[in-house]
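Number of protein chains: 2
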Amino acid sequence: MRYGNTLKVLDIGIDTHQEPIVYMRADCNICRSEGFTANSRVLLIYNTNRVIATINVVDEKVLAPGSAGLSKIAMERLGVATGDSISVSYAPVVNSLGAVRKKIFGHKLSDKEIGAVIKDISAHRYTDIEIASFLSVCAGSRLDVDEIIALTQAMVACGKRLTWPGTAMVLDKHCIGGLPGNRTTPLVVSMVSAAGLTIPKTSSRAITSPAGTADTMESLTNVNLDLARIQEVVAETHACLVWGGAVNLSPADDLLIRIERALDLDGEGQLIASVLSKKIAAGSTHAVIDIPKGPTAKVRTHKDAERLASLFTQVGAACGVHIRCLITDGIQPVGEGIGPVEEARDVLAVLQRADTAPKDLRERALIIAAQLFSMADDISYPRGLIKATDILDSGKAWTQFQRIMKAQGGLKPLPEAYYQHTETARTTGVLQGIDNRRLARLAKLAGAPATAAAGLRLHKRVGETIHEGDALFTLYSDTEGERQYALAYYQQTDIFSIGETS
Amino acid sequence: MRYGNTLKVLDIGIDTHQEPIVYMRADCNICRSEGFTANSRVLLIYNTNRVIATINVVDEKVLAPGSAGLSKIAMERLGVATGDSISVSYAPVVNSLGAVRKKIFGHKLSDKEIGAVIKDISAHRYTDIEIASFLSVCAGSRLDVDEIIALTQAMVACGKRLTWPGTAMVLDKHCIGGLPGNRTTPLVVSMVSAAGLTIPKTSSRAITSPAGTADTMESLTNVNLDLARIQEVVAETHACLVWGGAVNLSPADDLLIRIERALDLDGEGQLIASVLSKKIAAGSTHAVIDIPKGPTAKVRTHKDAERLASLFTQVGAACGVHIRCLITDGIQPVGEGIGPVEEARDVLAVLQRADTAPKDLRERALIIAAQLFSMADDISYPRGLIKATDILDSGKAWTQFQRIMKAQGGLKPLPEAYYQHTETARTTGVLQGIDNRRLARLAKLAGAPATAAAGLRLHKRVGETIHEGDALFTLYSDTEGERQYALAYYQQTDIFSIGETS
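Protein sequences appear in the order of chains B and P.
Take the first sequence: its position 46, counting from 1, is numbered 46 in the numbering used here, and each next residue is one higher.
Take the second sequence: its position 236, counting from 1, is numbered 236 in the numbering used here, and each next residue is one higher.
Hints were generated in silico from the structure; no laboratory data involved.
Careful, some of the hints might be misleading.
Repeated chains share a single entry, so a pair holds when one copy, or any two copies, can fit it.
[What the hints assert, rightly or not] Below, simulated DSS-like cross-link-like pairs (lysine-lysine); rule was C-alpha separation at most 25 angstroms, straight line:
| id | residue 1 | residue 2 |
| --- | --- | --- |
| 1 | 8 | 61 |
| 2 | 387 | 412 |
| 3 | 102 | 303 |
| 4 | 61 | 303 |
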């Protein structure tokens with residue numbers, strides 16, 4: 001059924017993000033003879049490259065006859081430049097959409113069906129609305145453990161997989177998120193690798209939060225390392241703290257995450273598959289998963305946290321990874337800084353054992369490192385905790401962190417934000433709660449994570465007594481627009497609940 | 001939290017269908033100071049008009065500094081022309097998305113929540129992927145009867161509502177589709193209105209089929225009438241056969257249908273709300289719903305058909321419309337023509353009592369008219385059938401059809417397709433089945449409904465004995481590309497199952 005037609009490519013200079021668009025004239029012979037209209041899907045072919053794109057119909061003034069404009073991602077995926085000839089024909093039927101429809105109607109999907117969906121998504125055969133449909137009907141608790149295992153394995157199958165020859169045990173850690181701050185990863189990686197264990201950490205950038213570990217690390221050093229460089233760094237230091245995106249570990253997950261973010265959706269099965277597929281692809285054998293639980297965290301009840309922990313452990317076991325889950329206190333941010341640079345300041349303070357170092361961040365990192373030592377050395381948790389504390393307090397973790405930074409390209413000085421503004425309490429009482437989601441949104445409105453120095457620093461914690469006029473937090477931003485948005489949002493929103501002194 | 005910024009509009013000449021896009025330079029002061037990036041959502045304001053649009057970032061060569069390109073739908077909804085100044089700011093948070101998330105997690109929605117979702121969708125506050133998410137989690141049997149009632153009423157609330165002063169009883173009919181041909185509406189409307197009953201029929205264009213009633217009627221007369229003209233036609237003839245889209249009866253439904261079509265999704269609750277909201281908005285008091293059932297029809301089992309019939313009746317009753325459902329034979333197309341013009345030929349043949357008139361189409365139309373007479377006159381079905389048959393056989397229906405056509409602007413001659421091609425049987429045996437969906441796709445590949453004369457005409461029906469070389473069907477198309485696609489599809493697909501003569 002292929003019936004190609006040729007058009008000349010024009011770089012039309014439009015960035016449509018991940019969805020390829022082809023711009024065609026309404027009077028173009030292909031549009032007319034094929035019956036293509038606005039929002040039809042077509043197959044573009046250039047040599048052996050194939051891209052499915054959506055048509056936007058344009059006026060005659062925009063394009064010369066016989067030419068087709070391509071959006072940036074369409075140019076990139078096809079590997080074409082202005083003037084190249086491409087063939088345009090009907091988009092082939094995507095058979096795995098039958099499995100999506102099956103799931104819409106509430107039926108369980110087989111390994112094969114899930115594999116076909118993920119393969120087609122990673123080959124860019126799905127439109128954004130088709131991905132949105134798939135994610136929506138898999139969200140909630142609509143995937144059972146078999147389906148989550150299949151999803152995890154399908155995601156691993158369509159990306160690269162790292163191996164660490166000569167290393168039988170590869171450690172890893174992950175926090176499911178939902179708590180601003182909580183930047184334990186650089187601390188845990190430094191402690192664990194200071195003890196000679198291997199922990200090649202690949203992290204993500206922020207999805208819906210004001211900072212991901214990769215964002216924080218990027219304010220300190222180079223995180224955009226290719227696989228060869230990562231292997232050199234790990235060979236030298238037993239560790240790395242890099243951005244996972246550069247090594248293409250789970251490309252299907254990256255496509256799903258973009259739509260999840262737009263829908264503000266974080267499905268359980270999808271979350272587990274996303275986390276574990278990246279751990280497996282990174283070659284990890286043992287991992288600790290931090291599950292913060294609190295009224296405004298991602299997981300709100302102990303029951304939900306236990307269900308998630310059980311699923312993580314089962315899926316991990318089925319995929320050959322030892323998982324230990326920690327259900328932790330998620331009532332308020334961990335550490336005082338929120339945003340890439342402010343979180344980096346907290347990390348440095350803990351490593352350097354500064355008086356100002358946030359105690360909760362130090363403690364959380366020690367707990368996670370202790371669990372990893374307990375798994376790796378087969379020792380009790382209390383002994384693991386002693387080992388972690390020794391490494392941190394002796395300065396060995398700080399030395400090790402500096403070694404890793406040097407291997408990745410050196411430690412950079414942290415930038416300062418252009419605007420700093422401190423908000424004070426308008427009442428006296430006890431700080432009874434902090435809304436994590438709203439606080440995260442405040443930091444994002446201030447410009448985090450796109451602006452590394454943007455974000456905020458908390459001056460009070462839940463349980464503390466506050467007097468009118470006390471500093472509550474300092475906001476950091478680089479532009480007047482962001483500063484104004486963030487402060488307007490703060491004025492209109494209850495983030496801190498301050499109650500009567502009893 | 002409003003913080004507007006002004007840009008000059010440029011009509012960029014791109015048709016992005018229903019999703020408004022604003023094209024902005026990456027170095028534009030608004031993008032920079034507000035942190036907008038590709039695929040951010042922004043609020044565009046011009047006088048009192050507000051449109052939420054998605055940003056596509058463009059190169060400097062595409063736009064002058066200080067200007068913003070708008071897609072056609074964005075220009076239209078804002079009511080702007082090139083050179084006008086618009087304000088651009090962050091898109092407001094759409095609160096009803098909380099209800100969508102609630103449904104994603106499997107919870108029942110209240111009337112108020114469904115009302116808020118539909119109101120926001122009809123105000124164009126949802127992105128396509130958000131609509132896709134909502135439709136996907138409402139599909140299958142995921143809406144209960146209360147939710148379907150709420151959805152129906154919410155759809156009615158956001159559109160126009162017609163009234164027919166002085167007419168206590170307003171009749172209507174609807175087929176849920178899934179069967180090619182089956183163009184009973186013009187026949188039923190002619191018979192019922194010939195008897196002096198009021199049946200102001202507004203129809204839709206094809207959604208996923210080769211022709212809707214509006215497409216077929218458009219090949220015969222003018223169907224694009226405004227409300228005032230419709231009322232004149234109905235006052236004169238008790239009936240009309242017009243396109244419903246022109247009177248904006250259920251604008252939310254139109255937005256949902258566009259995404260349903262792209263997802264090839266036809267959820268039960270959505271289907272009922274879509275049909276009944278349009279009936280209620282059209283002022284109907286009594287309606288017959290035709291539910292064809294067959295292995296390749298939309299509804300495949302008797303159980304599903306009965307469930308759908310029961311829901312239609314319950315939702316109708318809750319909304320004050322008397323509904324009678326008919327579960328009909330959906331094993332093969334009704335009539336011989338498929339595509340706007342070919343179906344019109346069948347309709348005319350039945351009205352004119354031609355020898356060539358398809359008997360099954362005549363019979364199906366008589367059954368539906370009989371049910372309407374039975375409801376309206378409170379008589380038995382057999383008496384209703386006698387009445388309908390009398391009206392058709394006496395020529396009164398044909399006279400009445402001509403009156404309606406004249407009132408709408410006159411009967412047009414039917415066009416002929418440029419290419420005609422007859423396919424013959426390659427084997428001898430009994431025609432045991434016709435795949436309705438594939439046959440519909442064949443007619444669509446030939447160019448229907450965009451090309452009115454495109455489609456096909458069946459020469460054999462299920463149960464008939466076929467000899468090698470007998471004509472099976474004739475394909476009609478206007479372009480060489482469409483003809484080739486359709487025939488290539490036919491070669492590769494089993495549409496007709498011909499079995500051994502027993």
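Results for each hint:
1. 8 to 61: both (16 angstroms within a copy, 20 angstroms between copies)
2. 387 to 412: Close neither inside one copy (29 angstroms) nor across copies (90 angstroms); limit 25 angstroms.
3. 102 to 303: between (29 angstroms within a copy, 19 angstroms between copies)
4. 61 to 303: Neither: 61 angstroms inside a chain and 56 angstroms across chains, both beyond 25 angstroms.
Going through the hint list in order, the structure does not satisfy hints 2, 4.
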